[in-house]
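Residue numbers (this note's numbering), protein chains in the order written: chain S, 1 to 379; chain U, 1 to 379; chain E, 1 to 379.
These aren't lab readings, by the way, just hints derived from the structure by calculation. Since no wrong hints were added, every one of them can be taken at face value.
Here are a few chain E residues that face chain S, going by a calculated C-beta distance under 8 angstroms:
{"hint": "1", "residue": "Val53"}
{"hint": "2", "residue": "His68"}
{"hint": "3", "residue": "Pro292"}
Label-pair restraints from in silico Cβ distances:
{"hint": "4", "chain 1": "S", "residue 1": "Ala345", "chain 2": "U", "residue 2": "Glu6", "range": "27 to 37 angstroms"}
{"hint": "5", "chain 1": "E", "residue 1": "Leu62", "chain 2": "S", "residue 2": "Pro351", "range": "16 to 26 angstroms"}
{"hint": "6", "chain 1": "U", "residue 1": "Arg252", "chain 2": "E", "residue 2": "Thr254", "range": "46 to 56 angstroms"}
{"hint": "7", "chain 1": "E", "residue 1": "Asp9", "chain 2": "U", "residue 2": "Ser27", "range": "38 to 48 angstroms"}
{"hint": "8", "chain 1": "E", "residue 1": "Gly152", "chain 2": "S", "residue 2": "Thr254", "range": "41 to 51 angstroms"}
For the chain S half of the interface with chain E, some residues (derived, Cβ under 8 angstroms), not all of them:
{"hint": "9", "residue": "Thr245"}
{"hint": "10", "residue": "Glu277"}
{"hint": "11", "residue": "Glu300"}
{"hint": "12", "residue": "Glu304"}
{"hint": "13", "residue": "Ile305"}
{"hint": "14", "residue": "Arg309"}
{"hint": "15", "residue": "Glu347"}
Yeah, the Cβ is synthetic: ideal placement off N, Cα and C, and Gly gets one too.
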Amino acid sequence: MGPIQEALDALPLVDHHCHGAVTADLSAGDFASLLTEGGAWPGVSPFDSPVGVAVRRHCAPLLDLPRHAPAADYLARRSALGWREVNRRFLSAARTEVFCVDTGYAPHSLTSPDELAHAAGATAYEVVRLEALAEAVVAQGVEPDEYARVVGAAAGEAVRKPGVVAVKSVAAYRTGFDLNPARPTDAEVTEAARRWLARGGRLADPVLVRHLLWTAVDLGLPLQLHTGFGDDDIRLHHADPALLTDWLHLTRGTVPVLLLHCWPYQRQAAYLAAVFEQVYLDVGLALHHTGPARSRAVLEEALEITPFRKLLHSSDAYGVAEFHHLGALCFRQGLAALLQDRVDADELSLPDALRIATWTGRDNARRLYGLPTPDSARD
Amino acid sequence: MGPIQEALDALPLVDHHCHGAVTADLSAGDFASLLTEGGAWPGVSPFDSPVGVAVRRHCAPLLDLPRHAPAADYLARRSALGWREVNRRFLSAARTEVFCVDTGYAPHSLTSPDELAHAAGATAYEVVRLEALAEAVVAQGVEPDEYARVVGAAAGEAVRKPGVVAVKSVAAYRTGFDLNPARPTDAEVTEAARRWLARGGRLADPVLVRHLLWTAVDLGLPLQLHTGFGDDDIRLHHADPALLTDWLHLTRGTVPVLLLHCWPYQRQAAYLAAVFEQVYLDVGLALHHTGPARSRAVLEEALEITPFRKLLHSSDAYGVAEFHHLGALCFRQGLAALLQDRVDADELSLPDALRIATWTGRDNARRLYGLPTPDSARD
Amino acid sequence: MGPIQEALDALPLVDHHCHGAVTADLSAGDFASLLTEGGAWPGVSPFDSPVGVAVRRHCAPLLDLPRHAPAADYLARRSALGWREVNRRFLSAARTEVFCVDTGYAPHSLTSPDELAHAAGATAYEVVRLEALAEAVVAQGVEPDEYARVVGAAAGEAVRKPGVVAVKSVAAYRTGFDLNPARPTDAEVTEAARRWLARGGRLADPVLVRHLLWTAVDLGLPLQLHTGFGDDDIRLHHADPALLTDWLHLTRGTVPVLLLHCWPYQRQAAYLAAVFEQVYLDVGLALHHTGPARSRAVLEEALEITPFRKLLHSSDAYGVAEFHHLGALCFRQGLAALLQDRVDADELSLPDALRIATWTGRDNARRLYGLPTPDSARD
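Chain S extracted, bound-state conformation (with noise of 0.2 angstroms):
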């Protein structure tokens, strides 16, 4: 093992967006559902995939299995484990000093942030989902011509609640970024809830997501941004980043915007975060889904004219523990296998590569949202 994955394995991470494991022992059919973004398909196992290829892999030892354990096997040692055992087996072994956890969205029965931490002896900071929140707003009864103003109170009273470090929208999956960049008006707002409120259903109005990446802005937190892959309720080519450019430039100066998952377009995120200050990126998500086998392909692209202080890592886990622990060793593997590569060919210098380890793996995640050294990971 060469020095750099060595200085990555004794790193703990700061896993900047994630969600919580299930609180409950999963069936055969519901960790199905919960191991690809496809769901269960009968007839077809969901670990013949790159994501079950790698869990059999990788997280089987953690089990106690043999590495490529079948899948009846692991199935079985995790249900008579208990998923609290489970849980904490793998969120530890991710050896992550601080999960940033996004709750608005939350179909099954998670842990919460404080449970996660706990779990993982590590530290949890909360990522509120805007979309959420005003979906929320709305269940209560709000007027039209009271949306915004209530939106906005909620949004500035849910991130001053303590651990509160970041804001989410999911504008990806409501509208995509193909948008009027503009603020709307107070008038445009307050008609489209009218529209809204008469019609009902989830918040895809897209005068009121654009209102709610606006609402971002006012925040002042960094705001997290689902791009790129996810499940089939996205439109892919809707969610390539690329398309947010004319917002990026009306938001200049205000908050960090941090580019989640990105795959396929991750080189399109890529020159964002090379040619807009408050531009950031991760390819969570999409590290576990192609396995360790591809993370660092698409790590490599990632980074290509990527600055060095703004790569990020997360692991986009939701569900299952296991990927948190794979989200963090996919990290951990990919990049390091191409730093060291870039040293031995000498395009970069030792010091120099740990430090971009050090930077991508945690720091660059401290700075930006102003954490606290952890007392685990003081150093």
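Given chain S, work out where chains U and E should sit, using these hints.
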């Protein structure tokens, strides 16, 4: 040679999408125009390209020439052997047990599926191209308000012909995929047919192209869709398969959809295959045009998140039997190399790698098209 | 070192698209703002980027510093040597026999083509930027109904100037390529000129941008088109060269079209070069910004299906002569590595590899621009 390459070399493939080979001796100019998607250009040898280099390297030895034989020698030897012998050599070298032949595009005189099968010592099935079928209906005369019924009846008859296993659409060429995804009404189809009959030319009306996609849904057979790379008749960005997402939502639970070629949008296709149960993909055509030097890289991206039951092999060979061979060779070499490296890195077990090779090379297609096990391949 | 690297090291290149180097000593801040496409950001060193690492690794030794010298040492040494000596060292290190210089963008005081040639011991030709020419016409005063005639006359005069070998358009920056491909009528141009003259500012009217593309067709010289990567003034997705397809159909058989940069759309550009006789491409700018660590990967994609007579070398260096050197170095190293590996795998013969190196590094450009063989490079 590693065990995976050996296994793939021994595995008879299913080439689930190809065309016939020309049944005539080709002049140098004719051969040139078939060798690339750009046709023949004065003063530039079509051999000075990745596909040309691959033909000289991997096809010359089958014509009893040395590797990397000069283009002139290659053409002379090809002429001396005659088209029947040339076709026989390359088609049998492909070690393909089944060819699914798109018979709807034939500007040259081509082998029929039976002739192709005979020359290869294989079995052939037929794929019905829907645009060609609709154009034949119109050529025979039809009233606008009868168009939908007559096309539906003709399609129903065509797919009941023995040996037909799939239908195909070249919507990508005619309108691209940025279409209204909804099934057109009868009145819309009649009105569009009226416009087309008045104007003439090939089928390129957006309503009628959509109508054929929905006709495919009614037929119940797997639907092959050209996506990505092709000749200059395509608008590449309109052939991005991600544009099909809304239509895939509407047609969920109906017919399997096979995304052909995909390059350079293989990651977008992989996303669709990962989240839609009915979606499959191949990287045919791209493999022999990039040659073995890049086939592995293209396959790596295609497999980045694709479930292993969702990738198929096709050559998309047209005209020159070199491509039936080269497509198979690029698939076998590219896939073997990537799987072997994963086994060597202990990212994948050898039994898993062998299963993936057999699935993608043969069994996924067998299962999807309901192909019987040919005698020659029973194992 | 392999024979292909040796051959490329010995081959004087043609850099078919670049700019001048600044003729002044640069402050640390000025240098920073020229080092990246994002400019200088407070608190972040522009050296902490792929291009910054590449400069410290490959440019420092030419300033008598050790490889990977610290940024502060690099800047101090650069200042101590003075701009004339710095330019001389890097420009001559590029071992480039011909520079084709875009003289239409000069926010700094830059070397003229002759000065650049002199410092490099090379020959320089000129590329006329059409938008700058039209803006100069308007700055001198013109009536709307005279605009087309005066711009055409000025362009005709400009390209008759000795040493002019091509024209260039930055349509990608002004409107993007999602344009009506047809030649605008005289009335349309007059009306658009009226709008522009009334509004002022830079040329960004879609009709006038199209008019310049068609003016290039009339001029008969090769047309260089910025595509893909650039600074924050671009909308990356509007600079995808695939958007040019309809226009390329209409202009078939007229002038050669050179797609510059292309990243991250190098595969889309390769598709166009493979199917349109008049289309060529390079991956200039992208190579030095990714650095040698990724230049090979970008070249691999650019060459995936590109005919070998269609790839050219450019640095697109602007401002700092480091980039004229680094662009050449990245091209030589990246291309040599990929060709050598193909030779080693017996996918390519050594004579073929050497031909491809000479074509892409020099002869494709010589042929396309009709360049005489410089004395220094006659061989």
